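Peer 1: Residue 265 in our numbering is what sits at position 264 of the sequence shown, and the numbering runs on without skipping anything.
These are computed hints drawn from the structure, not numbers from a lab.
As the structure is a computational prediction, the values presented were derived from the model and not from experiment.
Treat each hint with caution, since some may be false.
For lysine-lysine, the following DSS-like pairs were computed, each having C-alpha atoms within a straight-line distance of at most 27 Å [claimed, not checked]:
1) Lys148 - Lys125
2) Lys253 - Lys236
3) Lys196 - Lys58
4) Lys168 - Lys131
5) Lys209 - Lys131
6) Lys131 - Lys165
7) Lys131 - Lys196
8) Lys58 - Lys125
9) Lys148 - Lys131
10) Lys334 - Lys236
11) Lys253 - Lys334
12) Lys165 - Lys196
13) Lys253 - Lys277
14) Lys165 - Lys148
15) Lys94 - Lys125
16) Lys94 - Lys148
17) Lys277 - Lys293
18) Lys58 - Lys131
19) Lys209 - Lys323
20) Lys236 - Lys309
21) Lys309 - Lys293
22) Lys165 - Lys125
23) Lys168 - Lys148
24) Lys277 - Lys323
25) Lys196 - Lys253
26) Lys168 - Lys196
27) Lys196 - Lys125
28) Lys236 - Lys196
29) Lys309 - Lys323
30) Lys165 - Lys209
31) Lys125 - Lys334
32) Lys293 - Lys236
33) Lys94 - Lys58
34) Lys293 - Lys148
35) Lys253 - Lys165
36) Lys293 - Lys209
37) Lys236 - Lys209
38) Lys209 - Lys168
39) Lys309 - Lys253
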Amino acid sequence: MIESCSGNPVHGPQNVEVVDIRSRQLTLQWEPFGYAVTRCHSYNLTVHYQYTFNQQKYEAEELIQTSSHYTLRGLRPFMTIRLRLALSNPEGKMESEELVVQTEEDVPGTVPLESIQGGPFEEKIYVQWKPPNETNGIITLYEITYKAVGSLDPTADLLNQRGKVFKLRNETHHLFVGLYPGTTYSFTIKASTVKGFGPPITTRIATKISAPSMPEYDSDTPLNETETTITIMLKPAQSRGAPVSVYQLVVKEERPQKSRRAADIIECFSVPVSYKNASSLDSPHYFAAELKPVNLPVTQPFTVGDNKTYNGYWNAPLSPLKSYSIYFQALSKANGEIKINCVRLATKGASTQNSNVVEPEKQVDNTVKMAGVIAGLLMFVIILLGAMLTIKRRTGAIDPR
Numbered sequence: 002m003i004e005s006c007s008g009n010p011v012h013g014p015q016n017v018e019v020v021d022i023r024s025r026q027l028t029l030q031w032e033p034f035g036y037a038v039t040r041c042h043s044y045n046l047t048v049h050y051q052y053t054f055n056q057q058k059y060e061a062e063e064l065i066q067t068s069s070h071y072t073l074r075g076l077r078p079f080m081t082i083r084l085r086l087a088l089s090n091p092e093g094k095m096e097s098e099e100l101v102v103q104t105e106e107d108v109p110g111t112v113p114l115e116s117i118q119g120g121p122f123e124e125k126i127y128v129q130w131k132p133p134n135e136t137n138g139i140i141t142l143y144e145i146t147y148k149a150v151g152s153l154d155p156t157a158d159l160l161n162q163r164g165k166v167f168k169l170r171n172e173t174h175h176l177f178v179g180l181y182p183g184t185t186y187s188f189t190i191k192a193s194t195v196k197g198f199g200p201p202i203t204t205r206i207a208t209k210i211s212a213p214s215m216p217e218y219d220s221d222t223p224l225n226e227t228e229t230t231i232t233i234m235l236k237p238a239q240s241r242g243a244p245v246s247v248y249q250l251v252v253k254e255e256r257p258q259k260s261r262r263a264a265d266i267i268e269c270f271s272v273p274v275s276y277k278n279a280s281s282l283d284s285p286h287y288f289a290a291e292l293k294p295v296n297l298p299v300t301q302p303f304t305v306g307d308n309k310t311y312n313g314y315w316n317a318p319l320s321p322l323k324s325y326s327i328y329f330q331a332l333s334k335a336n337g338e339i340k341i342n343c344v345r346l347a348t349k350g351a352s353t354q355n356s357n358v359v360e361p362e363k364q365v366d367n368t369v370k371m372a373g374v375i376a377g378l379l380m381f382v383i384i385l386l387g388a389m390l391t392i393k394r395r396t397g398a399i400d401p402r
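Let the hints inform the model, and build the full structure from the sequences given.
Peer 2: Set out below in structure tokens:
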């Protein structure tokens, strides 16, 4: 049996209004209608809506089974939505007036992990990020919490290495200062709207190691000094971000220079040069000793020029004819980084009392030359004795007796 209708609906749904609106749903209400409006016992009521997200337009339609209200779900937060109700029967369709509404804000999504970038220094880290892909409203704040989670320096006290900062919506960067060198920090970032904070995202960034901190020395006066040696006091350095890897004693010959740098500027020695190589390369400095941290647990004296070898470096006697500066440096290595700090411990002037003293390298040359002379004399004596014996034998053979 085919139902006959008396024509198009008289009008579309009337007095349509939004009675409840949330971040992801809204509820519509309208004036109920009967056969006098539908003009047919068989009719459909639908809601048509559209919105724009990420510059892309979305349209949808849902069939309404209720008589005077309907909840539209699955919407996006903070979206402007255009909607209208449509009443249709087999003869035609009539629509309501268009409504323009906006859903409420919601908590934002996470800050993109790939957007977080860190610029580490020794005692600070510069962190920047981008807003969440789904802001779900207007970002009002960013909260960044940080804490130290580990250090290359086993002596580091990390209990107080933590904190929290807040940044405004247009401040997507921050410079964290007062950090400890060689330490890994976790940074947790979350964004907020008026509805609250969204889910956090965490990343880790490590500061660079710092050069060891050299102890204070009262003066550069040595404990003892001879023509070829100088005794100084060595103090352990304080690690800063990584344990001290090695200590080095450096002897630098003070040569006359046309232009001198400021006396208070001390440059450390990053390239190790042995005494032998310094002589052949005409280098003004050489490494007299290299000590492991276990060899310097406490303050102790050390004699430069004691003619001993320390970890492959000859601590050659000093030349009384030269002036020297003695440097003590500490070196830390970690994660491909090398940091050095040094201090000048003493100076030694050239002696004016004995001009016949021979330098160590020249002593070696003179010894070789002397050995050659002695060998030549011995060879001459042997040849001379051999000749004398030969002559004596021949003379004995001629004698008639």
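Peer 1: Indicate, hint by hint, whether the structure satisfies it.
Peer 2: Right, here's what the structure says about each hint:
1. Lys148 - Lys125: 13 Å, holds
2. Lys253 - Lys236: With Cα atoms ~20 Å apart, Lys253 and Lys236 stay inside 27 Å; holds.
3. Lys196 - Lys58: 26 Å, holds
4. Lys168 - Lys131: 12 Å, holds
5. Lys209 - Lys131: The hint holds at about 24 Å.
6. Lys131 - Lys165: Holds, because 18 Å separates the two Cα atoms, which is no more than 27 Å.
7. Lys131 - Lys196: 20 Å, holds
8. Lys58 - Lys125: Measuring from Cα to Cα gives roughly 45 Å; hence the hint is violated.
9. Lys148 - Lys131: 21 Å, holds
10. Lys334 - Lys236: Measuring from Cα to Cα gives roughly 20 Å; hence the hint holds.
11. Lys253 - Lys334: 24 Å, holds
12. Lys165 - Lys196: Holds, because 20 Å separates the two Cα atoms, which is no more than 27 Å.
13. Lys253 - Lys277: 14 Å, holds
14. Lys165 - Lys148: 9 Å, holds
15. Lys94 - Lys125: Given pair Lys94, Lys125 is violated - Cα atoms ~68 Å apart, limit 27 Å.
16. Lys94 - Lys148: 64 Å, violated
17. Lys277 - Lys293: 22 Å, holds
18. Lys58 - Lys131: Since the Cα atoms of Lys58 and Lys131 sit roughly 25 Å apart, the hinted pair holds (cutoff 27 Å).
19. Lys209 - Lys323: Violated - the C-alpha atoms of Lys323 and Lys209 are around 40 Å apart, more than 27 Å.
20. Lys236 - Lys309: 20 Å, holds
21. Lys309 - Lys293: The given pair, whose Cα atoms are some 16 Å apart, holds under the 27 Å limit.
22. Lys165 - Lys125: 15 Å, holds
23. Lys168 - Lys148: 17 Å, holds
24. Lys277 - Lys323: Holds, at roughly 17 Å.
25. Lys196 - Lys253: Violated: Lys196 and Lys253 sit about 68 Å apart, past 27 Å.
26. Lys168 - Lys196: Roughly 17 Å separates the two Cα atoms, so the pair holds.
27. Lys196 - Lys125: Given pair Lys196, Lys125 is violated - Cα atoms ~33 Å apart, limit 27 Å.
28. Lys236 - Lys196: 59 Å, violated
29. Lys309 - Lys323: Holds. Lys309 to Lys323 sits at ~20 Å (cutoff 27 Å).
30. Lys165 - Lys209: Roughly 21 Å between the alpha carbons, so the hint for Lys165 and Lys209 holds.
31. Lys125 - Lys334: 19 Å, holds
32. Lys293 - Lys236: 13 Å, holds
33. Lys94 - Lys58: 25 Å, holds
34. Lys293 - Lys148: Violated, because 33 Å separates the two Cα atoms, which is more than 27 Å.
35. Lys253 - Lys165: Cα-Cα ~49 Å, so violated.
36. Lys293 - Lys209: Holds, at about 23 Å.
37. Lys236 - Lys209: 25 Å, holds
38. Lys209 - Lys168: Answer holds: Lys209 to Lys168 is near 25 Å, not above 27 Å.
39. Lys309 - Lys253: 18 Å, holds
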